[in-house]
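Work out the full structure, taking the sequences as your base and the hints as a guide.
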Amino acid sequence: MPRKIVCLCGSTRFPKEFVEANLQETLAGHIVLSVGAFVNSAQQVHGRDIDVETHKQALDGLHIDKIKMSDEILVINVDGYVGESTMNEIDFARQQGLPVRWLEPDKALPV
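Last residue of the sequence shown: 138 (my numbering), numbering continuous.
No wet-lab data here; the hints were simulated from the structure. Among the clues, some could well be false.
Stated by the list, open to error - Derived Cβ-Cβ restraints for the label pairs, each shown as a range:
# : residue 1 : residue 2 : range
1 : Leu86     : Ile58     : 16 to 22 Å
2 : Gln123    : Met28     : 20 to 26 Å
3 : Lys43     : Pro132    : 15 to 21 Å
4 : Asp87     : Glu131    : 21 to 27 Å
5 : Lys95     : Leu50     : 20 to 26 Å
6 : Ala55     : Thr81     : 33 to 39 Å
7 : Ala135    : Lys43     : 19 to 25 Å
8 : Ser112    : Val46     : 16 to 22 Å
Positions of the beta carbon are idealized from the N, C-alpha and C atoms, including for glycine.
Here is the structure:
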């Protein structure tokens, strides 16, 4: 039986929660696709300054491709927070007929 592929979606302001969700999904036997970098408030990735706006469109497109490869998405909705980019990813996943799971199901957005 093939393994389930889960794509993590959410704001990169929650790197700790992404890492924990990745671990839990991996331990559950799933293949996990996630964001490639976490940008901090100083617009740095791994201590390097980057121009986020220059890369945002390409990174967003790359994440859509990861969703296309997935069997479902897991939304990292810490305290119910879902930003605009994440909402676009959720909408795309739903259009593809993919199940949407929530890190905090009690704070999930209505369907």
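These are the hints, each one checked on the structure:
1. Leu86 <-> Ile58: 16 to 22 Å: Because 20 Å falls inside the window, the suggested range holds.
2. Gln123 <-> Met28: 20 to 26 Å: 22 Å, holds
3. Lys43 <-> Pro132: 15 to 21 Å: 19 Å, holds
4. Asp87 <-> Glu131: 21 to 27 Å: Holds - the Cβ-Cβ distance for Asp87 and Glu131, about 23 Å, lies within 21 to 27 Å.
5. Lys95 <-> Leu50: 20 to 26 Å: 24 Å, holds
6. Ala55 <-> Thr81: 33 to 39 Å: For Ala55 and Thr81 the Cβ distance comes to about 36 Å; the hint holds.
7. Ala135 <-> Lys43: 19 to 25 Å: At 20 Å between Cβs, range holds.
8. Ser112 <-> Val46: 16 to 22 Å: Holds: the Cβ-Cβ distance is about 19 Å, inside 16 to 22 Å.
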